[in-house]
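Novice: Generate the whole structure from the sequences, applying the supplied hints.
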Amino acid sequence: MTISGTSENIEQKNTADLCIKVENLHLYYGQFHALKGINMEIPEHEITALIGPSGCGKSTFLKTLNRMNDLEEGVRIEGKVTLNGTDIYRDMDAIELRKRVGMVFQQPNPFPKSVYENVAYGPRINGINRKSELDEIVERSLRQAAIWDELKDRLYKSALGLSGGQQQRLCIARTLAVEPEVILMDEPTSALDPISTSRIEDLAMDLKKDYTIVIVTHNMQQASRISDNTAFFLLGELIEYNKTEKLFSIPADKRTEDYITGRFG
Amino acid sequence: MRNRFDEELNSLNTQLINMGSLCEQAIRNATQALSDGDQGKARNVILEDGAIDQAERDIESLCFRLLLQQQPVARDLRQISAALKMITDMERIGDQASDIAEIIISAKMAEKGRFPKIDEMSQAASAMVTESVTAFVNKDLELAGRVESNDDVVDLMFESIKSKLIEEIGKGNDEIAQRSIDLIMIAKYLERIGDHATNIAEWVVFSITGVHEGGIDTKKLTPNGVEEGRVYASADTAKPEK
Numbered sequence: 001m002t003i004s005g006t007s008e009n010i011e012q013k014n015t016a017d018l019c020i021k022v023e024n025l026h027l028y029y030g031q032f033h034a035l036k037g038i039n040m041e042i043p044e045h046e047i048t049a050l051i052g053p054s055g056c057g058k059s060t061f062l063k064t065l066n067r068m069n070d071l072e073e074g075v076r077i078e079g080k081v082t083l084n085g086t087d088i089y090r091d092m093d094a095i096e097l098r099k100r101v102g103m104v105f106q107q108p109n110p111f112p113k114s115v116y117e118n119v120a121y122g123p124r125i126n127g128i129n130r131k132s133e134l135d136e137i138v139e140r141s142l143r144q145a146a147i148w149d150e151l152k153d154r155l156y157k158s159a160l161g162l163s164g165g166q167q168q169r170l171c172i173a174r175t176l177a178v179e180p181e182v183i184l185m186d187e188p189t190s191a192l193d194p195i196s197t198s199r200i201e202d203l204a205m206d207l208k209k210d211y212t213i214v215i216v217t218h219n220m221q222q223a224s225r226i227s228d229n230t231a232f233f234l235l236g237e238l239i240e241y242n243k244t245e246k247l248f249s250i251p252a253d254k255r256t257e258d259y260i261t262g263r264f265g
Numbered sequence: 001m002r003n004r005f006d007e008e009l010n011s012l013n014t015q016l017i018n019m020g021s022l023c024e025q026a027i028r029n030a031t032q033a034l035s036d037g038d039q040g041k042a043r044n045v046i047l048e049d050g051a052i053d054q055a056e057r058d059i060e061s062l063c064f065r066l067l068l069q070q071q072p073v074a075r076d077l078r079q080i081s082a083a084l085k086m087i088t089d090m091e092r093i094g095d096q097a098s099d100i101a102e103i104i105i106s107a108k109m110a111e112k113g114r115f116p117k118i119d120e121m122s123q124a125a126s127a128m129v130t131e132s133v134t135a136f137v138n139k140d141l142e143l144a145g146r147v148e149s150n151d152d153v154v155d156l157m158f159e160s161i162k163s164k165l166i167e168e169i170g171k172g173n174d175e176i177a178q179r180s181i182d183l184i185m186i187a188k189y190l191e192r193i194g195d196h197a198t199n200i201a202e203w204v205v206f207s208i209t210g211v212h213e214g215g216i217d218t219k220k221l222t223p224n225g226v227e228e229g230r231v232y233a234s235a236d237t238a239k240p241e242k
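First to last, the sequence lines map onto chains G and S.
Residue 145 in the numbering used here is what sits at position 145 of the first sequence, and the numbering runs on without skipping anything.
Residue 89 in the numbering used here is what sits at position 89 of the second sequence, and the numbering runs on without skipping anything.
It is worth saying that the hints were derived from the structure and are not from the lab.
Where hints are given, some of them may not hold.
Unchecked claim - Heads up, simulated DSS-like pairs for lysine-lysine below, C-alpha to C-alpha not over 27 angstroms straight-line:
id, chain 1, residue 1, chain 2, residue 2
1, G, K36, G, K243
2, G, K243, S, K85
3, S, K85, S, K162
4, G, K99, G, K152
5, G, K246, G, K36
6, G, K254, S, K139
7, G, K254, G, K243
8, G, K99, G, K80
9, G, K254, S, K85
10, S, K139, G, K246
11, G, K99, G, K209
12, G, K21, G, K152
13, G, K63, G, K80
14, S, K117, G, K243
15, S, K188, S, K164
16, G, K246, S, K108
17, S, K171, S, K41
18, G, K208, G, K152
Specialist: See the structure below:
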C-alpha cells in the first residue's frame, strides 16, 4: 500500500500495488490556478476519500483522473498522472482511459432507456453484441451493484422509473459493465436518503476488493466510515493525505483539524 | 453550530472540575475523619459519595449526547472519549474514599491525630487528583506528566507506611495488629487513588497527543507476570488490575 507526496503531512511508503500516481499536477481555468502542484499516490483495492470545502479543487482533481476536464474551455493541465504506470495524458486515448476509469456522479444520470440497455450500453460500444454475452454482463453488473434482486423482473422497463437510490446503483452497475480498474465517485450519495446512502456505502466497501475507488464527499462521517485513505484539499492544495483513521483522530495539520472539526469551511 | 458545541465542551470541562473537587473533598474528609477520630464525618463521606456518582452519570450523559449530536472527530473526539474514561476513575476514587470511611466506622477508630504519614499520603494523592483534572482542562501535558511521576512518590509513601505497620503487627498485641491492618488497608486505598489519578493523567495525555501510553509496561514485567516497580497488595500473588 502506498501513500506518498511531497508534503511532510503525506505519509511515504514503498509500493508494490500502486494504482494511480499523480506528480506535480497543476490545473488552470484560464488565469485561475485551481490545482497547485498535487503529488499523490492512490493505492489499488482501497477507497480513497477526497475532502475539503467547496471550491477547494477536490472535484476538479477527481476529474483529472479520467480527463473529464480536457474539453473544458481554457483549461490547462501540467504535470503527470499515471494509471498503473501509463501516462494517461500522453500515452492513452480518452476512450481507453474512460473504459478503465469509470465515474459515478452526484445526481444519478441513467439514460432514458431500459434498465438492461443502460447496463449493456458500454459493452455494446466496446463491440460486444452477442445477446447471451450481454445478458451475462448485465446480470453480473447488476449483481455486483447489489440491485439484481430488485430489478431482475423489470429489466426492460425504463430506468427513469426507479427510485434515486436504485438509479444510482444502476449507474454504478453501468460503470462496472465495462470492467474498469478504477471507479471515481463524485458525491454519489448527496442526493440520496439515509437508507440509499447506506446501501451505496456498503456497495463501495464490497467493490473495493475488485476495484480501486476514489470518492469525493462532503460528509465527514462517510469519509471516516468507508475510506481507507483521506486527502484534505484546501484552495487547490493537497494539505494532508493519510490513513483515514489517523487523519480523523490525529490530523497532522491544523488546517485539517480546523476543517474536520467544523471550525471553518 | 460550532459555537454551541464549544459551549457544551466548556460545560463538560466545568462539570469535570466539579467532579474532581468532590473527589478531592471526599479524600480530605475521609482522612480528616481518621485523624480526628470523627465517626460522623466518616458517615458523611459515605453519604456524599452519591453526589460523585451523580456527577459521573451527568457527565456520561452529556458525553453520549455530544457523540450523538456532534459526531466529533480529532481533538473533539479525543476530549470527549478521554472525559468518558476519566470519570470512571474519578467515580472509583469516590468509592475508595467511602471505603476508607467504612473502615473508620467499622473499626470504631476514635483516637485523634495518630497518623501523620497517612495525612501526608492523603494530601499527595488528593493533589494528584486535582492536578490531573486541571491538566485536562488546561491541556497541560507537563502537569499530566508530573501527576504520573508523583504516583511513584505516593507508592513509596505506601511502602514506608506498610513497613512501619508491619513492625507494629510484629509486636504481638492483637489490638495493635488489628488496628495496623486497618491502617494498611486505608493506605492501600490511598495508593489506589494515586493510581486512578495516574490513569486520568494518561487520558489527559491521550486527549492532547492522541497517544495513550497507559497500562502495564510489558518491558518491566517479571517472569511471574508482576510489573517491576508497581505496588501490589501482595507482590507474590497480585496481578495488575484490569
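Novice: Look at each hint and say if it fits the structure.
Specialist: Tested hints:
1. G:K36 x G:K243: Holds. G:K36 to G:K243 sits at ~22 angstroms (cutoff 27 angstroms).
2. G:K243 x S:K85: Roughly 25 angstroms separates the two Cα atoms, so the pair holds.
3. S:K85 x S:K162: 30 angstroms, violated
4. G:K99 x G:K152: 25 angstroms, holds
5. G:K246 x G:K36: 24 angstroms, holds
6. G:K254 x S:K139: 16 angstroms, holds
7. G:K254 x G:K243: Answer holds: G:K254 to G:K243 is near 17 angstroms, not above 27 angstroms.
8. G:K99 x G:K80: Between G:K99 and G:K80 the Cα gap is close to 19 angstroms, so the pair holds against 27 angstroms.
9. G:K254 x S:K85: 26 angstroms, holds
10. S:K139 x G:K246: 21 angstroms, holds
11. G:K99 x G:K209: 19 angstroms, holds
12. G:K21 x G:K152: 39 angstroms, violated
13. G:K63 x G:K80: 14 angstroms, holds
14. S:K117 x G:K243: This hinted pair is violated, its Cα atoms lying about 52 angstroms apart.
15. S:K188 x S:K164: 14 angstroms, holds
16. G:K246 x S:K108: 55 angstroms, violated
17. S:K171 x S:K41: 31 angstroms, violated
18. G:K208 x G:K152: 24 angstroms, holds
Hints 3, 12, 14, 16 and 17 from the list above are not met by this structure, while the remaining hints are.
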